[in-house]
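Model the full structure from these sequences, guided by the hints.
One letter stands for each residue in the lines below.
There are 2 protein chains.
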Amino acid sequence: MPLKKTIAIDLGGTNIKIALLDHNLKIWSKSVLSTRNFFSKAGLIAQIADSVKTVISENNLKKTEINGVGIGLPGPIDAKNGIVHFLPNIPGWKEVKLKLILEHKIGLPVFLDNDAKLMALAEYKKGAAKGSRNALCLTLGTGVGAGLIINGEIFRGFTNATGEIGHLPINEYGPKCNCGGQACLEAYIGNNAILKEAKSKFHKQISLEELSYLANKGDKKAADIWKNVGRRLGLALSAVVNLLSPDCIVIGGGVANAGKILFKEVKKTILERAMRVQARHVKILSAALGSDAGLFGAAILVNQGVEA
Amino acid sequence: MPLKKTIAIDLGGTNIKIALLDHNLKIWSKSVLSTRNFFSKAGLIAQIADSVKTVISENNLKKTEINGVGIGLPGPIDAKNGIVHFLPNIPGWKEVKLKLILEHKIGLPVFLDNDAKLMALAEYKKGAAKGSRNALCLTLGTGVGAGLIINGEIFRGFTNATGEIGHLPINEYGPKCNCGGQACLEAYIGNNAILKEAKSKFHKQISLEELSYLANKGDKKAADIWKNVGRRLGLALSAVVNLLSPDCIVIGGGVANAGKILFKEVKKTILERAMRVQARHVKILSAALGSDAGLFGAAILVNQGVEA
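Protein sequence lines correspond, in order, to chains B and E.
My numbering puts the first sequence at residues 1 to 308.
My numbering puts the second sequence at residues 1 to 308.
By construction, these hints were calculated from the structure, which means they are not laboratory data.
Hints may contain errors.
Unchecked claim - In silico DSSO-like cross-links for lysine-lysine, where the CA-CA straight-line distance does not exceed 30 angstroms:
hint	chain 1	residue 1	chain 2	residue 2
1	E	K260	B	K176
2	E	K176	B	K267
3	E	K268	B	K283
4	B	K227	E	K97
5	B	K268	B	K176
6	E	K268	B	K94
Next up, the structure:
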């Protein structure tokens with residue numbers, strides 16, 4: 001009997017990616033739907049179930065040839081019990097027993113986890129953090145999230161709410177943050193904060209892609225915005241470096257596309273602000289798996305869950 | 001044959017404590033020497049060796065009745081190889097193979113570790129953090145250090161330089177720190193920073209004990225100093241809470257004697273600045289073992305080392 005395949009889903013604030021992977025994590029098919037089309041929680045759940053059935057039929061598979069469905073979601077998840085606590089950027093989700101609901105609808109084992117944790121799991125198992133024992137893998141976007149690998153495993157703590165690098169305060173006082181705190185890293189370097197700063201400096205709407213393009217072409221105003229992002233990110237990472245002395249820090253997500261300018265400033269800040277031994281040990285790396293990291297992580301989650 | 005006893009040594013910037021403990025961690029004898037009497041590294045090492053011999057003879061023991069000597073030191077240590085990298089507050093120590101030197105002089109197994117890590121190990125095994133799986137145990141003093149318990153074990157990372165809570169930056173820019181960074185927590189709430197602030201507010205030298213006494217008597221100036229210490233400590237701890245979601249945080253050391261005022265402000269700040277789920281989960285506790293925590297930790301280190 002051939003090895004089973006896995007269905008992986010990456011649910012974001014703007015779209016849902018659904019893929020079929022084999023046991024070697026090779027992607028056999030992939031499709032993308034807009035999350036915005038589903039106004040209700042029930043509509044979105046029905047669409048996930050339908051998409052899974054479509055993937056199975058379009059690939060001429062039987063359910064018995066699938067080992068399970070893994071889903072990454074943008075919010076705090078009880079991974080053990082398969083419950084979505086809430087989704088900050090998708091209204092209407094609160095304490096949803098998604099694993100139970102979907103297993104009933106689909107008839108296959110379902111595993112859930114936070115998207116940043118799955119990205120970290122993927123980068124650790126087959127990406128930039130491979131071979132490291134202790135690592136922090138960040139995703140920069142509207143939110144600034146991370147997954148923490150400690151002693152070769154995703155570190156969840158008792159609450160499963162770990163790795164919240166976006167909510168490390170970088171000043172005693174500062175801008176209000178969505179989390180209820182203030183002066184959190186995300187309030188300075190989340191996409192919205194960067195776009196706002198860019199608008200005020202350029203006196204017009206300007207996209208992150210344009211901002212990266214301008215900075216790389218030598219525009220000083222654009223470069224300064226990215227340098228500030230890198231310096232503040234480096235500052236929060238110095239706290240992680242001094243506390244945990246990780247082997248590597250992997251940076252991915254949209255904002256990371258600013259590339260060299262950003263990474264240079266992050267590294268410089270860590271050398272300036274973190275302690276010598278830890279700062280010299282840690283490697284600052286670009287994520288290796290790109291935008292499919294979440295799908296790989298979801299597939300790995302299923303494989304681990306089925307084996308356990 | 002009766003169970004063997006252990007010799008534990010806690011080497012501080014101002015004094016050395018030496019104790020004899022049994023397998024139940026009961027202290028049978030304890031003595032204190034001033035570190036200041038030993039101007040040279042060689043003198044201090046000779047004194048440690050002599051003290052061990054004195055403890056053995058004064059208690060009418062034979063070497064075969066001792067399982068080993070555990071030593072906590074105030075600085076970065078390579079615990080695996082028994083090397084002292086350096087001691088920030090005791091000049092002349094750099095890459096000292098103390099384990100090797102002492103085993104040669106004493107003829108007993110010797111184990112070394114950082115004092116904050118040993119305090120954490122003791123609080124975890126028999127103090128305030130007992131029963132927690134993930135904990136941060138802090139010592140407030142001239143330095144602000146901590147030991148991190150992750151999944152029930154001291155977390156060392158690759159470098160063994162972990163738990164450096166005193167060097168979490170709490171502002172983008174701020175006072176210079178001994179570590180080479182700036183705006184580190186220790187630069188605001190280390191003993192010297194507090195004494196300096198007290199002197200400038202009271203226009204005279206004032207000790208930490210007096211400052212605590214005045215604050216507890218209702219003196220507003222003194223209370224405000226402790227509130228600032230608590231708020232800044234709470235801010236740095238909010239970063240740890242958001243990153244690691246520990247079960248408890250144990251606070252000990254001289255400054256912790258300010259008591260209620262300090263703990264109240266720490267708790268308040270964590271509830272204000274950390275994320276809801278993690279902030280509600282974490283317990284903020286006072287250290288249970290007092291100033292002997294380092295000795296207990298050193299004895300536990302020997303017992304673990306001998307068993308391993």
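Status of the hints after comparison with the structure:
Of the supplied pair hints, the one linking K260 (chain E) and K176 (chain B) holds, its CA atoms being roughly 29 angstroms apart against a limit of 30 angstroms. The suggested pairing of K176 (chain E) with K267 (chain B) holds, with an alpha-carbon distance near 20 angstroms, which does not exceed 30 angstroms. This hinted pair does not check out: K268 (chain E) and K283 (chain B) have alpha carbons roughly 36 angstroms apart, beyond 30 angstroms. A hinted pair counts as satisfied when its Cα atoms are at most 30 angstroms apart, and K227 (chain B) with K97 (chain E) does not qualify at roughly 43 angstroms.
Restraint check: the Cα-Cα separation between K268 (chain B) and K176 (chain B) comes to about 27 angstroms, which is no more than 30 angstroms; the hinted pair holds. With a CA separation close to 27 angstroms, the supplied pair K268 (chain E) and K94 (chain B) stays within the 30 angstroms bound.
Violated hints for the displayed structure, listed by number in ascending order: 3, 4.
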